[in-house]
Amino acid sequence: MEIPYETTARPDTGLWNAKIGIWLFLASEVMLFGGLFSSYIFLRLDALPGHWPHGLLNVPVGTMNTAILIASSVTVVLAWAALKMRQFTRYKIYMGITILCGVIFLFVKLYFEWPDKFKHFGAFIREDRLEKYEAYLGNHHAAEKGLDPRIEITGHLENPEALTDPNIKEYEVQLDQVSAAPDDPASDRPHFWQVPRSEKVAHIEKEDVERATYFLPTHSTFFATYFTITGLHGAHVLGGVIVFTYFWLPIGANLYKRNPEHLANRVEVAGLFWHFVDLVWIFVFPLFYLL
Amino acid sequence: MDASTDLASHSHAGHEPHHHEGGHDHHELSFWRKYIFSTDHKVIGIQYGISGLIFLFFGFSLMMLMRWQLAFPGRSLPVLGNLINHLFGAGSMPDGKMAPDFYNSLGAMHGTIMIFLGIVPVAFAAFGNFVVPLQIGAPDMTFPKINMASYQAFFVGGIIMLISFFVPGGAAKGGWTSYTPLAIISDKGPGHDVFWNGQTLWLVGFILLITSSLLGAVNFITTIIQLRAKGLTWMRLPFFVWAQFITAFLLLLAFPPLEAAIVMQLMDRLAATSFFMPTGLVVNGAPLSLSGGGSPILWQHLFWFLGHPEVYVLILPGMGIVAEILANNTRKPLWGYKSLVFAGLVLGFLSFIVWAHHMWLTGMGQVVSAFFQTTTVIISIPSVIILSAFFISLWGGSIRFNTPMLFATAFLPMFGIGGLTGIPLAFNSADLYLHDTYYVIAHFHYIVAPGTIFAVFAGVYYWFPKATGRRMSEFWGKVHFWPSLICMNVIFLPMFLQGMLSMHRRWYDGGQGWNLANDKVWGLSGFEWNKPISIAAWTMGLAQIPFIINFFWSIKRGEKVDDNPWEATTLEWAAPSPPPHGNFDKPVVAYRGPYEYSLPGRESDFTMQCEPISESDRRAYEAAAMHAGH
Amino acid sequence: MDETPTAAGEIVARNEHAPHDNHHDVSQHVKKYLLVGGVLLAFTGLTVFLSYVDFGNRKTNIAVGMLVAAIKAGMVAGIFMHLSAERKLIYRILIFTAMFVFALFWLTYLHWYNPISR
Chain R
1 MEIPYETTAR PDTGLWNAKI GIWLFLASEV MLFGGLFSSY IFLRLDALPG
51 HWPHGLLNVP VGTMNTAILI ASSVTVVLAW AALKMRQFTR YKIYMGITIL
101 CGVIFLFVKL YFEWPDKFKH FGAFIREDRL EKYEAYLGNH HAAEKGLDPR
151 IEITGHLENP EALTDPNIKE YEVQLDQVSA APDDPASDRP HFWQVPRSEK
201 VAHIEKEDVE RATYFLPTHS TFFATYFTIT GLHGAHVLGG VIVFTYFWLP
251 IGANLYKRNP EHLANRVEVA GLFWHFVDLV WIFVFPLFYL L
Chain L
1001 MDASTDLASH SHAGHEPHHH EGGHDHHELS FWRKYIFSTD HKVIGIQYGI
1051 SGLIFLFFGF SLMMLMRWQL AFPGRSLPVL GNLINHLFGA GSMPDGKMAP
1101 DFYNSLGAMH GTIMIFLGIV PVAFAAFGNF VVPLQIGAPD MTFPKINMAS
1151 YQAFFVGGII MLISFFVPGG AAKGGWTSYT PLAIISDKGP GHDVFWNGQT
1201 LWLVGFILLI TSSLLGAVNF ITTIIQLRAK GLTWMRLPFF VWAQFITAFL
1251 LLLAFPPLEA AIVMQLMDRL AATSFFMPTG LVVNGAPLSL SGGGSPILWQ
1301 HLFWFLGHPE VYVLILPGMG IVAEILANNT RKPLWGYKSL VFAGLVLGFL
1351 SFIVWAHHMW LTGMGQVVSA FFQTTTVIIS IPSVIILSAF FISLWGGSIR
1401 FNTPMLFATA FLPMFGIGGL TGIPLAFNSA DLYLHDTYYV IAHFHYIVAP
1451 GTIFAVFAGV YYWFPKATGR RMSEFWGKVH FWPSLICMNV IFLPMFLQGM
1501 LSMHRRWYDG GQGWNLANDK VWGLSGFEWN KPISIAAWTM GLAQIPFIIN
1551 FFWSIKRGEK VDDNPWEATT LEWAAPSPPP HGNFDKPVVA YRGPYEYSLP
1601 GRESDFTMQC EPISESDRRA YEAAAMHAGH
Chain C
2001 MDETPTAAGE IVARNEHAPH DNHHDVSQHV KKYLLVGGVL LAFTGLTVFL
2051 SYVDFGNRKT NIAVGMLVAA IKAGMVAGIF MHLSAERKLI YRILIFTAMF
2101 VFALFWLTYL HWYNPISR
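Protein chains in written order, with the working numbering: chain R, 1 to 291; chain L, 1001 to 1630; chain C, 2001 to 2118.
Treat the hints as calculated values from the structure; they're not laboratory data.
Remember, predicted model here, so these are calculated numbers, not experimental data.
Note that beta-carbon positions come from the ideal geometry of N, C-alpha and C, so glycine has one too.
A few of these clues could be false.
As a list, the in silico EDC-like pairs of lysine to aspartate or glutamate whose alpha-carbon atoms are at most 16 Å apart [unchecked claim]: (1) C:Lys2059 <-> R:Asp46; (2) R:Lys145 <-> C:Asp2054; (3) L:Lys1586 <-> R:Glu2; (4) L:Lys1230 <-> R:Asp12; (5) L:Lys1586 <-> L:Glu1611; (6) L:Lys1230 <-> R:Glu2; (7) L:Lys1145 <-> R:Glu2; (8) R:Lys132 <-> R:Glu207; (9) C:Lys2059 <-> R:Asp148; (10) C:Lys2088 <-> R:Asp12; (11) R:Lys169 <-> R:Asp208; (12) R:Lys145 <-> R:Asp188.
Which bits of chain C does chain R cover? Going by a derived footprint, with three or more residues having C-beta under 8 Å, they are [claimed, not checked]: (13) 2062 to 2073; (14) 2084 to 2095.
The task is simple: from the sequences and hints, build the whole structure.
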């Protein structure tokens, strides 16, 4: 006996097997990302004032990546529709674009966004020395405007050896615009277009510093959640790209000759997964980049 | 997703449904394809079963070792002690005396192995894989290759857990719950590898086990929804299938948040993040250089979000097995089938919103406590409905006490004790005193040890003929049963007393140093009770030997039986024993409910689900409907 | 199964009322997919824009941002994932999932909101 309802729908449920399977899998994915997002909420609520950084991510790049993912969602549904209409060439084109979008998304993330963060430096000032660095923090201005206090000075570390060499007593930081002119109203909110770093170099004494680190996951719970969620999301994108590539290359696409409907079903199932990945990103983008 | 199906269908496309024995198969599968990388649900079920039983015994052995330290703290374990010191590395049992770290490892790994490598694989995956497709009249699972992947993920996860015993520093020590921040700072620093250390391997192994469970759950649910035989409506499903269906949903939806938490703990360990690390933590006198701002409570929430449904993952399949065996051996329909099903569904639903009753001591406010206390007390209702229905099912039956039935009936009072002793723990005020004492240990072990594990044994004895075509020895089954029952109770009953004497569950010296004047129960102090308990535990280890021998001996030498040796009604007994690849010779159709025993107007006292309705049946059903109407 | 030439024909026959299974239907949907894609892109711009509008406090900004995201997510789920016309069974699975996700969010939040002391 063969396993029934692989491509045909079972009359009473109206569904074929893999369709139920993928939705169950997606339900578990909802719970997975639900766990991560509820952690995000919990940690963000728990963060002391000033300990949840804002505006450290590159908004234009993030927006671009969002657009790329959305575009890929459109093309994958078009690829499926093409199969349904038995237009194999169109399917190949749309699927190719989808794969390309996924690869670009990953490339931007792994070769641009993340490494850019890994080179960015921040020094958290000890609570009793905040006043000393008022010129870089602008807390008087922030208090007047009712904004969260600033406790971190960010920029490019000019003397990275200071992180390991105990004889070097201070960090030389070429400041970000926000630390160079903290009282400027333009610094109150994150910038849409990345502002070039200022020419100003600050000398921050090590003994005034609570913690100094690049923008690694260890930097703060913000970056911890950012890297974990986008990392896991990236892994999903990678998984999707691999599956799509399999369906695009002859090894998977040849199924079309034997049973086009079966290939269409497979693409639909993989597409559902891809849309879900897109859907997660729709929440990731505003939560981390904008708000 | 169903890349699986292609190959499978290809290999069969050429020939018609084959005849009885697998031996007539045109192209014989190689040994590897047939037994190791098999996609047949029955082989996978047996793989799960045997590896799970081995893990169960291994996990139990860890506890038998710990029982030595608890009964005779600081004394050298003769012969075995030095052997173990060689095996698990110097420092585990120097001079045969158990080192504190090794004791902690054993405790953490006992819990992990018993639950995730023992009971879940056997009760859920093994029985589910082997029995469910047969009971619903399906040729296989819907996704055979995913099924194979599920077992392989489980297997690799289990191997990683085992490897963790042999890395520098030994296996994980943070308890089976891996509470943070302890779990994050343990197994770190000098003498430990960054990756190859107990706790990190525990996390990595766990990710694989979760993956395995998720793949299994998707497969089970789809199979039950899609592959039910013609006529097998939802209310004609055996209760066992319902139990597996609900269990699969629990695994599917409760495991992923823990997976998220495990990824986060892995980040905490490997990338020095602070998901679960609070601000200002000082370790060994030095402040940690971390961002802080994390929350240990968050770990507990995510852990227990799985942890509590997991309790029902452990018990529901057991209940399902017991239901089948009770109906079969009382020779009458299960009492209250519908209430059982709905109680099971309610149980599954509620199990998702009771988890924080494991966290009474974390400083929750009254609002939260009141919420969880209420839901926890409510969840006892469906449990009581299920147990009551089982007890009432016994009423007026002419019971056959064969080995499966002995284990199944023993399940009832044992589960009852475990359940009822849980009620004081549901209440915040009582739990403040009992939390983390031996009382808790006794409570949940009554549910899973003489509860689920007895159900598992019952299931092994019951379905063994279906898997092999031979029956296990009744005599040796009884030799296995009676000592096990007695030992279980000698082990766990005194633990209630120890707990009420407020003995903490994690004491390395067995409570030797805990002296309170006149704190003796039945002539022994809390610490002194350890000795009889330990002796009973070792005796129980010995009592498993008849089972092991019986099991392997019966595969080749057991009494040969026909396809339906228990004269049961459900569909799996309509298939040949052992069922060939594809299970049934021709499609089966279900005409009636699952427990048609002693149907009036019939000569035999059982009527299989696949027997068409006769005229006398119709009259019997009408009479029953009339009766119900009045 | 894949050797049976009638396989595709059968599906159409069995799913007469199922959405998207008719070739003609699908070609009609293509325009809709493109339109939704366009709307989603526009909404992405809107999200970015709205995050720079000062609604008085950050909480309101977050609420607005999440609202837009929820609408976008609804469109992806409803149109691209065909959830707007799916089988009952799928809805049932998702409703339960939604409930448990909600429980996870809400109860974790409740614990944060209502500690015994702080």
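Here's how the hints hold up against the structure:
1. Straight-line distance between C-alpha atoms of Lys2059 of chain C and Asp46 of chain R comes to about 15 Å, which keeps the hinted pair within the 16 Å bound.
2. For a cut-off of 16 Å, the pair hint linking Lys145 of chain R to Asp2054 of chain C stands: about 12 Å separates their Cα positions.
3. Taking the CA atoms of Lys1586 of chain L and Glu2 of chain R, the gap is near 11 Å; set against the 16 Å cutoff, the hint holds.
4. Straight-line distance between C-alpha atoms of Lys1230 of chain L and Asp12 of chain R comes to about 11 Å, which keeps the hinted pair within the 16 Å bound.
5. Among the hinted pairs, Lys1586 of chain L with Glu1611 of chain L is consistent with the structure: their alpha-carbon atoms are about 14 Å apart, no more than 16 Å.
6. Taking the CA atoms of Lys1230 of chain L and Glu2 of chain R, the gap is about 15 Å. The hint holds against a cut of 16 Å.
7. Distance check on the hinted pair: Lys1145 of chain L and Glu2 of chain R sit about 14 Å apart at the alpha-carbon level, within 16 Å; holds.
8. Taking the CA atoms of Lys132 of chain R and Glu207 of chain R, the gap is about 12 Å. The hint holds against a cut of 16 Å.
9. With a C-alpha separation of about 13 Å, the suggested pairing of Lys2059 of chain C with Asp148 of chain R holds against the 16 Å cut-off.
10. Between Lys2088 of chain C and Asp12 of chain R the CA atoms are separated by roughly 11 Å; this keeps the pair inside 16 Å, and the hint holds.
11. A hinted pair counts as satisfied when its Cα atoms are at most 16 Å apart, and Lys169 of chain R with Asp208 of chain R qualifies at roughly 10 Å.
12. For the proposed pair Lys145 of chain R and Asp188 of chain R, the alpha carbon gap of about 9 Å is at most 16 Å, so the pair holds.
13. Residues of the stretch 2062 to 2073 of chain C with a Cβ under 8 Å from some Cβ of chain R number 7, which satisfies the need for three, so the listed coverage holds.
14. Counting residues of the stretch 2084 to 2095 of chain C whose C-beta sits closer than 8 Å to any C-beta of chain R gives 5, which meets the bar of three, so the coverage hint holds.
Going down the numbered hints, you'll see the structure goes against none, and every one checks out.
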